[in-house]
Structures are given as C-alpha cells and as structure tokens.
Amino acid sequence: AQSVTQPDIHITVSEGASLELRCNYSYGATPYLFWYVQSPGQGLQLLLKYFSGDTLVQGIKGFEAEFKRSQSSFNLRKPSVHWSDAAEYFCAVVVGGATNKLIFGTGTLLAVQP
Amino acid sequence: KAGVTQTPRYLIKTRGQQVTLSCSPISGHRSVSWYQQTPGQGLQFLFEYFSETQRNKGNFPGRFSGRQFSNSRSEMNVSTLELGDSALYLCASSLGPTGLNTEAFFGQGTRLTVV
Numbered sequence: 001a002q003s004v005t006q007p008d009i010h011i012t013v014s015e016g017a018s019l020e021l022r023c024n025y026s027y028g029a030t031p032y033l034f035w036y037v038q039s040p041g042q043g044l045q046l047l048l049k050y051f052s053g054d055t056l057v058q059g060i061k062g063f064e065a066e067f068k069r070s071q072s073s074f075n076l077r078k079p080s081v082h083w084s085d086a087a088e089y090f091c092a093v094v095v096g097g098a099t100n101k102l103i104f105g106t107g108t109l110l111a112v113q114p
Numbered sequence: 001k002a003g004v005t006q007t008p009r010y011l012i013k014t015r016g017q018q019v020t021l022s023c024s025p026i027s028g029h030r031s032v033s034w035y036q037q038t039p040g041q042g043l044q045f046l047f048e049y050f051s052e053t054q055r056n057k058g059n060f061p062g063r064f065s066g067r068q069f070s071n072s073r074s075e076m077n078v079s080t081l082e083l084g085d086s087a088l089y090l091c092a093s094s095l096g097p098t099g100l101n102t103e104a105f106f107g108q109g110t111r112l113t114v115v
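Protein sequences appear in the order of chains A and B. Note that our numbering gives residue 27 to position 27 of the first sequence, counting from 1, and the numbers run on in steps of one. Note that our numbering gives residue 90 to position 90 of the second sequence, counting from 1, and the numbers run on in steps of one.
Hints listed in this document are in silico derivations from the structure and should not be mistaken for laboratory results. Mixed in with the good hints, there may be bad ones.
Derived lysine to aspartate or glutamate pairs resembling DMTMM-like cross-links, with alpha carbons at most 20 Å apart [stated by the list, open to error]:
#1 A:68 / A:85
#2 A:68 / A:8
#3 A:49 / B:103
#4 A:61 / A:15
#5 A:61 / B:52
#6 B:57 / B:75
To spell it out: a stretch of chain B is covered by chain A in this simulated footprint if at least three of its residues, at any positions, have a beta carbon under 8 Å from a beta carbon of chain A; those stretches are [stated by the list, open to error]:
#7 64-78
#8 104-113
Bear in mind that the values here come from a model prediction, so they are computed numbers and not experimental data. Glycine included, each C-beta is placed from N, C-alpha and C at the ideal position.
The following block holds chain A by itself, in its conformation from the complex (with noise of 0.2 Å):
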C-alpha cells in the first residue's frame, strides 16, 4: 500500500540553525507531493508542493523541498530556522488512479531552541 514515513517524530533547533526534516514515500510512479504545517489547535498551512518539473520547490517563510526520485524523498529545508516556525510539519502525497486521496505522514514537531 501506498505511504509516507516521516522518520523523525520531533526534531529541536537553535534558532538561526539550519533545518532539515525528511520525508519518504512508498509508490511505484511520482506522486504529487506537499509539505503542509500546523500550529497548535489550527488547521494545515500549504508550505509548498511539487507536482513536475524543476525537482527543487521554493515554498513560503523561505522553505524549500527537494524531490529525488532515486531516493523517493521529498525532503523540506531551511537555510535559518525563526522562533515561530515551531509547529508540527506533514508530508503529504496525493497517488493517482481513480480513487485519489491525500496520505499524510505521521508528523515532525518542530521545537526552537531560543
């Protein structure tokens, strides 16, 4: 079955540290692939998404996502981690056929170290 693994459950920065969180996923073809964030007790955020093209995605609050095939990764960066971008942080793939649907990893919560 389709899936995405988000590997890590939390993740501590300092901020102005540099971020990195990953994300793989299981399907034979290339899915549509989205990094979305929450804040506590709010809704989803899209951050960024890819769906061809140039593999890497610049997103908004300065995030940026790499797709690498041969790796099946769709991994989300950050050159300098701010105090406000601690909150949960999904990947999502959307996998095709007639029965599409949005697969959410398990989730990344990010913590800022001040």
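Model the placement of chain B on the given structure of chain A, informed by the hints.
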C-alpha cells in the same frame, strides 16, 4: 478572498448522540474533503465530495457520512458517537478533484469532544 470556514470550532457531545459539522469551501472550489486527526492515528481521510457526488471514501464505519450541496458547502455527520470519535475534524477544499494538479486548502477544524 475568504478561506475555508468550518463551524462550529468546538463541540462537546455525549456518547450516543449525533453531530453535524459544516464546511464552506473557498469560493469557486468544487471539491471538499474531510479528515480526522487524532494523536494516535494522525490524519486520516474520511471522504471527498466533488460536484455533490462522493468520489472517494476512507476506511471509517457507516456512522460517518457526509454530503455536499449545490453551492459546494459540505456537511459531515457522525451518528451514535463513541468516545473514540473525539478528534479534530478538518475540511479541505480544492478547485478540482484530488489528483488533478490541485492543491488542498484546509480550514481551522472542528474540535469534537465526546464525553
């Protein structure tokens, strides 16, 4: 333009009762999807409606149902509530059906607590 609006934001219900949650999508969006979020199970897909038709359904019991109106607004209903139904219910809207180069925009959710 206005985002996805979910009402109510918070609900407390008793076991055995039923509940209806509402979702108004972004203007012009015709697809609405529902998700259940719990600490133990994460984000799980409930169902998707497009042009008033259910086009996809997740692995939930028949107590969970939904519908979409001609103005694309959607409701989901949960009957005979169980304690395990306590969750954040999220609605997402998109221009077209999931998978057709569309992105989903989420509402702030309805926090349902079953006591």
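Comparing the hints with the structure gives:
1. Between residue 68 of chain A and residue 85 of chain A, the direct Cα distance comes to roughly 24 Å. Violation of the 20 Å bound is thereby established for this hinted pair.
2. For the hint pairing residue 68 of chain A with residue 8 of chain A, the CA-to-CA distance comes to about 18 Å; that is within 20 Å, so the pair holds.
3. A threshold of 20 Å between alpha carbons decides the hint, and for residue 49 of chain A with residue 103 of chain B the separation of about 8 Å falls inside it, so the pair holds.
4. Distance check on the hinted pair: residue 61 of chain A and residue 15 of chain A sit about 15 Å apart at the alpha-carbon level, within 20 Å; holds.
5. Straight-line distance between C-alpha atoms of residue 61 of chain A and residue 52 of chain B comes to about 35 Å, which puts the hinted pair past the 20 Å bound.
6. Distance check on the hinted pair: residue 57 of chain B and residue 75 of chain B sit about 14 Å apart at the alpha-carbon level, within 20 Å; holds.
7. Coverage of the region 64-78 of chain B by chain A is violated. Counting CB-CB distances below 8 Å, 0 residues qualify, and the rule asks for three or more.
8. Given as covered by chain A, the region 104-113 of chain B passes the check, having 7 residues with a CB less than 8 Å from a CB of that chain where 3 are the minimum.
Consistency note: the structure conflicts with the earlier hints numbered 1, 5 and 7.
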